[in-house]
Amino acid sequence: EAGVVQSPRYKIIEKKQPVAFWCNPISGHNTLYWYLQNLGQGPELLIRYENEEAVDDSQLPKDRFSAERLKGVDSTLKIQPAELGDSAVYLCASSLGWGTDTQYFGPGTRLTVL
Amino acid sequence: EDKVVQSPLSLVVHEGDTVTLNCSYEVTNFRSLLWYKQEKKAPTFLFMLTSSGIEKKSGRLSSILDKKELFSILNITATQTGDSAIYLCAVEARGSTLGRLYFGRGTQLTVWP
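Chains as they are written, first to last, in the numbering used here: chain R, -18 to 95; chain Y, 4 to 116.
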């Protein structure tokens, strides 16, 4: 069975440019998570979806970050405009449900903002 | 503020050695503690612990939780070079943030041949 798929794996952009990351969760997983991981730190949750509804987005910087999961399957995370401090790895994870099920992570997208 | 602290931050050993990684936490309404292994890719799930004093084992890896003292340890016996990775500890709380994992900074383990 395929795991969580993310693309692109690497992205280099100049500051003030927009960027988007895509995630396809494990088939049948209703819950999808986006995490941010800075170098030398553990992942931090940005947003959690239950199907197509964002149920925990309190840590998403909404002035420049947005996310969507329109059909309750794959998801897109966008940054507009990007800043130097956004350079990090963006991880997507999914689980069958929330609260009781293991989260499975994708390989991440490494973003470098110049 | 909820907090997860791992120690040591880095560890270098030789193949065959046994290592113990530590994770302490301060989380309101604790529900579970999880260990992940992160190589140059996705964090992969190792263990989930919810009950105090019950050891979880998988091959050479084992983990135990002490809910009274608010910590967990991850043991790796007879280490191999393939064990080299970052080991992440995460804690989940009950309530409105159920499902949100709070991660520590990780322990970077390097196993030399």
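Check the hints yourself; a few may be wrong.
The calculated lysine-lysine pairs, modelled on DSSO-like cross-linking and capped at a C-alpha distance of 30 Å, are [claimed, not checked]:
{"no.": "1", "chain 1": "Y", "residue 1": "K60", "chain 2": "Y", "residue 2": "K40"}
{"no.": "2", "chain 1": "Y", "residue 1": "K44", "chain 2": "Y", "residue 2": "K60"}
{"no.": "3", "chain 1": "R", "residue 1": "K(-8)", "chain 2": "Y", "residue 2": "K43"}
{"no.": "4", "chain 1": "Y", "residue 1": "K60", "chain 2": "Y", "residue 2": "K71"}
{"no.": "5", "chain 1": "R", "residue 1": "K59", "chain 2": "Y", "residue 2": "K44"}
{"no.": "6", "chain 1": "Y", "residue 1": "K44", "chain 2": "Y", "residue 2": "K6"}
{"no.": "7", "chain 1": "Y", "residue 1": "K44", "chain 2": "R", "residue 2": "K(-4)"}
{"no.": "8", "chain 1": "Y", "residue 1": "K40", "chain 2": "R", "residue 2": "K(-8)"}
{"no.": "9", "chain 1": "Y", "residue 1": "K71", "chain 2": "Y", "residue 2": "K6"}
{"no.": "10", "chain 1": "R", "residue 1": "K43", "chain 2": "R", "residue 2": "K(-8)"}
{"no.": "11", "chain 1": "R", "residue 1": "K(-3)", "chain 2": "Y", "residue 2": "K44"}
{"no.": "12", "chain 1": "R", "residue 1": "K59", "chain 2": "R", "residue 2": "K(-3)"}
{"no.": "13", "chain 1": "Y", "residue 1": "K59", "chain 2": "Y", "residue 2": "K44"}
{"no.": "14", "chain 1": "Y", "residue 1": "K71", "chain 2": "Y", "residue 2": "K44"}
{"no.": "15", "chain 1": "Y", "residue 1": "K59", "chain 2": "Y", "residue 2": "K71"}
{"no.": "16", "chain 1": "Y", "residue 1": "K43", "chain 2": "Y", "residue 2": "K71"}
{"no.": "17", "chain 1": "R", "residue 1": "K43", "chain 2": "Y", "residue 2": "K71"}
{"no.": "18", "chain 1": "R", "residue 1": "K(-8)", "chain 2": "R", "residue 2": "K52"}
{"no.": "19", "chain 1": "Y", "residue 1": "K6", "chain 2": "R", "residue 2": "K43"}
{"no.": "20", "chain 1": "Y", "residue 1": "K60", "chain 2": "R", "residue 2": "K(-8)"}
{"no.": "21", "chain 1": "R", "residue 1": "K(-4)", "chain 2": "R", "residue 2": "K59"}
{"no.": "22", "chain 1": "Y", "residue 1": "K40", "chain 2": "Y", "residue 2": "K59"}
{"no.": "23", "chain 1": "Y", "residue 1": "K43", "chain 2": "Y", "residue 2": "K59"}
{"no.": "24", "chain 1": "R", "residue 1": "K59", "chain 2": "Y", "residue 2": "K70"}
{"no.": "25", "chain 1": "Y", "residue 1": "K59", "chain 2": "Y", "residue 2": "K6"}
{"no.": "26", "chain 1": "R", "residue 1": "K59", "chain 2": "Y", "residue 2": "K60"}
{"no.": "27", "chain 1": "R", "residue 1": "K(-3)", "chain 2": "R", "residue 2": "K43"}
{"no.": "28", "chain 1": "R", "residue 1": "K59", "chain 2": "Y", "residue 2": "K71"}
{"no.": "29", "chain 1": "Y", "residue 1": "K70", "chain 2": "Y", "residue 2": "K6"}
{"no.": "30", "chain 1": "R", "residue 1": "K59", "chain 2": "R", "residue 2": "K(-8)"}
{"no.": "31", "chain 1": "Y", "residue 1": "K44", "chain 2": "R", "residue 2": "K52"}
{"no.": "32", "chain 1": "Y", "residue 1": "K43", "chain 2": "R", "residue 2": "K(-3)"}
{"no.": "33", "chain 1": "Y", "residue 1": "K43", "chain 2": "R", "residue 2": "K(-4)"}
Label-pair distances were calculated between CB atoms; the ranges are [to be verified]:
{"no.": "34", "chain 1": "Y", "residue 1": "D20", "chain 2": "R", "residue 2": "P62", "range": "43 to 53 Å"}
{"no.": "35", "chain 1": "R", "residue 1": "G21", "chain 2": "Y", "residue 2": "K60", "range": "43 to 53 Å"}
{"no.": "36", "chain 1": "R", "residue 1": "K(-8)", "chain 2": "Y", "residue 2": "K60", "range": "33 to 43 Å"}
{"no.": "37", "chain 1": "R", "residue 1": "E49", "chain 2": "Y", "residue 2": "G19", "range": "48 to 58 Å"}
{"no.": "38", "chain 1": "Y", "residue 1": "T113", "chain 2": "R", "residue 2": "G9", "range": "34 to 44 Å"}
{"no.": "39", "chain 1": "R", "residue 1": "A(-17)", "chain 2": "Y", "residue 2": "V15", "range": "31 to 41 Å"}
{"no.": "40", "chain 1": "Y", "residue 1": "K70", "chain 2": "R", "residue 2": "E(-5)", "range": "24 to 34 Å"}
What the hints contain is simulated information worked out from the structure, not anything from laboratory work. Yeah, the Cβ is synthetic: ideal placement off N, Cα and C, and Gly gets one too.
Cross-check of the supplied hints:
no.	hint	result
1	Y:K60 / Y:K40	holds, 15 Å
2	Y:K44 / Y:K60	holds, 24 Å
3	R:K(-8) / Y:K43	holds, 16 Å
4	Y:K60 / Y:K71	holds, 21 Å
5	R:K59 / Y:K44	holds, 21 Å
6	Y:K44 / Y:K6	holds, 25 Å
7	Y:K44 / R:K(-4)	holds, 25 Å
8	Y:K40 / R:K(-8)	holds, 24 Å
9	Y:K71 / Y:K6	holds, 16 Å
10	R:K43 / R:K(-8)	holds, 21 Å
11	R:K(-3) / Y:K44	holds, 27 Å
12	R:K59 / R:K(-3)	holds, 13 Å
13	Y:K59 / Y:K44	holds, 24 Å
14	Y:K71 / Y:K44	violated, 34 Å
15	Y:K59 / Y:K71	holds, 18 Å
16	Y:K43 / Y:K71	violated, 34 Å
17	R:K43 / Y:K71	violated, 38 Å
18	R:K(-8) / R:K52	holds, 25 Å
19	Y:K6 / R:K43	holds, 24 Å
20	Y:K60 / R:K(-8)	violated, 38 Å
21	R:K(-4) / R:K59	holds, 14 Å
22	Y:K40 / Y:K59	holds, 15 Å
23	Y:K43 / Y:K59	holds, 25 Å
24	R:K59 / Y:K70	violated, 39 Å
25	Y:K59 / Y:K6	holds, 23 Å
26	R:K59 / Y:K60	violated, 40 Å
27	R:K(-3) / R:K43	holds, 16 Å
28	R:K59 / Y:K71	violated, 42 Å
29	Y:K70 / Y:K6	holds, 15 Å
30	R:K59 / R:K(-8)	holds, 13 Å
31	Y:K44 / R:K52	holds, 27 Å
32	Y:K43 / R:K(-3)	holds, 28 Å
33	Y:K43 / R:K(-4)	holds, 26 Å
34	Y:D20 / R:P62: 43 to 53 Å	holds, 48 Å
35	R:G21 / Y:K60: 43 to 53 Å	violated, 30 Å
36	R:K(-8) / Y:K60: 33 to 43 Å	holds, 40 Å
37	R:E49 / Y:G19: 48 to 58 Å	holds, 50 Å
38	Y:T113 / R:G9: 34 to 44 Å	holds, 37 Å
39	R:A(-17) / Y:V15: 31 to 41 Å	holds, 35 Å
40	Y:K70 / R:E(-5): 24 to 34 Å	violated, 49 Å
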